[in-house]
Amino acid sequence: MKGNNTEKVTLTVQELTKHFAGLVAIKDINLEIEKGSITGIIGPNGSGKTTLFNVITGYLKATEGNIFFEGENLTGMKPHDIVNMGIARTFQVPQCCKALTIRENIRLASLGRYPGEDIEEKTKQFAKIAKLGQFYNIMTQNVTIGHLKKIEIAMVIAMNPRLILLDEPFSGLTDLECEELSLIVKGLHEKATLIVIDHKLKHLMPIVEKVFVLNEGRLFFEGSPDEVSSNPEVQKIYIGGEIKK
Amino acid sequence: MLDSLKKIPKTWVFLSLIQICIPLVTHNPYYLKILVMFYIYAIFALSWDLLGGYLGIVSFGHALFFGVSAYTTAILNVRLNWPPILNFPLSILCALLVSLIVAKPTVRLKGHYVALVTFSFPVIVTNIFYAFPMFFGQDLGIPGVGRLSVSRTYDFYIAFIAIWCIYFILKKMINSDTGLILRAIQSNEVAPIACGIDIARIKLKMFMISGMFAGVAGFLYAHVIKIVAPANLGVHMSIEAVVMCIIGGAGTLSGAVFGAIIVTIVNELLRMIEQYRILIFYLLILLIVLFFPKGLKWYIDKMLSFIGTDIRKERGTP
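Chains A and B are the protein sequences, given in the same order.
For the first sequence, this note's numbering begins at 1 and goes up steadily by one.
For the second sequence, this note's numbering begins at 246 and goes up steadily by one.
Careful, some of the hints might be misleading.
[To be verified] List time: in silico BS3-like cross-link candidates among lysine-lysine, alpha-carbon distance up to 27 Å:
(1) A:K98 x B:K255
(2) B:K547 x B:K255
(3) A:K27 x A:K61
(4) A:K27 x A:K236
(5) A:K128 x A:K200
(6) B:K471 x A:K98
(7) A:K200 x A:K27
(8) A:K200 x A:K236
(9) A:K27 x A:K98
(10) A:K98 x B:K278
(11) A:K78 x B:K349
(12) A:K61 x B:K349
(13) A:K236 x A:K35
(14) B:K450 x B:K255
(15) B:K539 x A:K78
(16) B:K547 x B:K278
(17) A:K61 x A:K35
(18) B:K547 x A:K78
(19) A:K124 x B:K417
(20) B:K450 x A:K98
(21) A:K98 x B:K355
(22) B:K547 x A:K61
(23) A:K122 x B:K417
No wet-lab data here; the hints were simulated from the structure.
Next comes chain A alone, as it looks inside the complex:
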């Protein structure tokens, strides 16, 4: 079975369920991500946001359900194969190689993707886009969390994906760093469809077009940032009060 409406829809998640032994992490999730959109996924801690990302990107096997990317069924595929189909992601805790320099990390992500082109020049270019130009040859183990987030984004850019999943890109960053990162994230949107998980709604809501709210592993609400922000039920489950945009 193929996902419907592949011209407009990049990612289709159908009845996705993931159990960890007896614990239900996500249950019957259905969502469609439109091509070229920026979608936010929010929800309280433990609501299943990262599990959803992990199942989509193949790091966890779905207990039930299917995932379609541009009409192709991804369910059960290995993470590296999913990346090579055109889906790249970042992680809650940045997963760079600390024994490599920033340049080497970005080069690693570029490998095999630009045949016949100067990969060194490309790597430099990606570092510049992620505002890492001046730190190019620094060892990754010596940089701040803000830089680690940017390195991951530079790596994602280097992979030239059609769908990007960002897992809490703003967490652990100062407001100033979040603003800088927001601009970089918006830049990514020019080339790919984006799904962003984050708790920092102040920085997330202005950049997304649609928001899915998860609660206790289920899709609780979906709508525009305004609809989500003004929904009293969402406010109640999410922060127990009004959501500030």
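Fit chain B to the supplied structure of chain A, relying on the hints for placement.
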């Protein structure tokens, strides 16, 4: 290829020239044998370093590939009278096949499971060897293996060419994007996976390359020592590969070679006090690991840093 040869450091060329001239200075078979043994150990250490030093796969059964190759050539030579040159491809093929069999389950494991699985395979194979004493020769192994060449001088040059080629191939590989991938896998497996790299496939390939080079060492060993025994694929032999790399500095090719020099010299010196050999050998390892945890080569490089030796260059940067 020609460009690569032009890029060979002058110190390399200088050291190689000195070594080439050794047989012209001395024909003493004892000294030449020690040098050949050093080359064999160095090849074995380099093969372990590719897995342990660069990929972080700490194999405690690396002697299996060494021993299987040594036994293959010994059996073909002693039982079937085949000359070494004919045995060479078959010995390497056997080492390759065995490395593939070991690699298949190992590449998906981590940490102490890797150590346990790699340790188990040689134990199984040794017991299989013991089960067929007529063929594999039990404790005494297979004596009477034919010489590698007509003289020790030729043995020396054959071993010299072998180590030179293997070092050159590994150096090229480590300094390429493959080396970058290996260091990335060792640093954090999630990152290369997230970049779309099939790390299980890379590990499998490296296991086979490593097994093949250990096989080259095993082949040379069988024809130089002229006897193969179960000890050649035993734990002590595997530990020697680990020790050579740890002493010299794991994850640096020259460190593995340096470790091989130390182990060869120590082994020869301790031969005079055979009964204490193992005791002193392991005490020495303990001292080096406790007081020089980065490997002796690293500390020597530090001391000589004024001549521009950089450990990071050694680890390879494409």
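Outcome of the hint check:
1. This hinted pair does not check out: K98 of chain A and K255 of chain B have alpha carbons roughly 32 Å apart, beyond 27 Å.
2. Annotation: proposed proximity of K547 of chain B to K255 of chain B holds, straight-line Cα distance about 20 Å (limit 27 Å).
3. Distance check on the hinted pair: K27 of chain A and K61 of chain A sit about 14 Å apart at the alpha-carbon level, within 27 Å; holds.
4. A distance of roughly 21 Å separates the Cα atoms of K27 of chain A and K236 of chain A; the hinted pair therefore holds under the 27 Å criterion.
5. For a cut-off of 27 Å, the pair hint linking K128 of chain A to K200 of chain A stands: about 25 Å separates their Cα positions.
6. Among the hinted pairs, K471 of chain B with K98 of chain A is inconsistent with the structure: their alpha-carbon atoms are about 47 Å apart, more than 27 Å.
7. This hinted pair checks out: K200 of chain A and K27 of chain A have alpha carbons roughly 25 Å apart, not beyond 27 Å.
8. Annotation: proposed proximity of K200 of chain A to K236 of chain A holds, straight-line Cα distance about 17 Å (limit 27 Å).
9. At roughly 36 Å between alpha-carbon atoms, K27 of chain A and K98 of chain A are farther apart than 27 Å, so this suggested pair is violated.
10. A hinted pair counts as satisfied when its Cα atoms are at most 27 Å apart, and K98 of chain A with K278 of chain B does not qualify at roughly 43 Å.
11. Using a Cα cut-off of 27 Å, the hinted pair K78 of chain A and K349 of chain B holds, with the two alpha carbons roughly 17 Å apart.
12. As the CA atoms of K61 of chain A and K349 of chain B are separated by approximately 22 Å, the hinted pair is consistent with the 27 Å bound.
13. Our distance criterion of 27 Å between C-alpha atoms is broken by K236 of chain A and K35 of chain A, whose separation comes to about 31 Å.
14. Our distance criterion of 27 Å between C-alpha atoms is broken by K450 of chain B and K255 of chain B, whose separation comes to about 31 Å.
15. Restraint check for K539 of chain B and K78 of chain A: the C-alpha separation of about 36 Å exceeds 27 Å, so the hint is violated.
16. Between K547 of chain B and K278 of chain B the CA atoms are separated by roughly 32 Å; this puts the pair beyond 27 Å, and the hint is violated.
17. Annotation: proposed proximity of K61 of chain A to K35 of chain A holds, straight-line Cα distance about 25 Å (limit 27 Å).
18. Only pairs whose Cα atoms come within 27 Å are accepted, and K547 of chain B paired with K78 of chain A is rejected, the gap being roughly 43 Å.
19. Restraint check: the Cα-Cα separation between K124 of chain A and K417 of chain B comes to about 24 Å, which is no more than 27 Å; the hinted pair holds.
20. Only pairs whose Cα atoms come within 27 Å are accepted, and K450 of chain B paired with K98 of chain A is accepted, the gap being roughly 24 Å.
21. Of the supplied pair hints, the one linking K98 of chain A and K355 of chain B holds, its CA atoms being roughly 19 Å apart against a limit of 27 Å.
22. Note on K547 of chain B and K61 of chain A: the hinted pairing is violated, with a Cα-Cα distance of about 48 Å set against a maximum of 27 Å.
23. This hinted pair checks out: K122 of chain A and K417 of chain B have alpha carbons roughly 23 Å apart, not beyond 27 Å.
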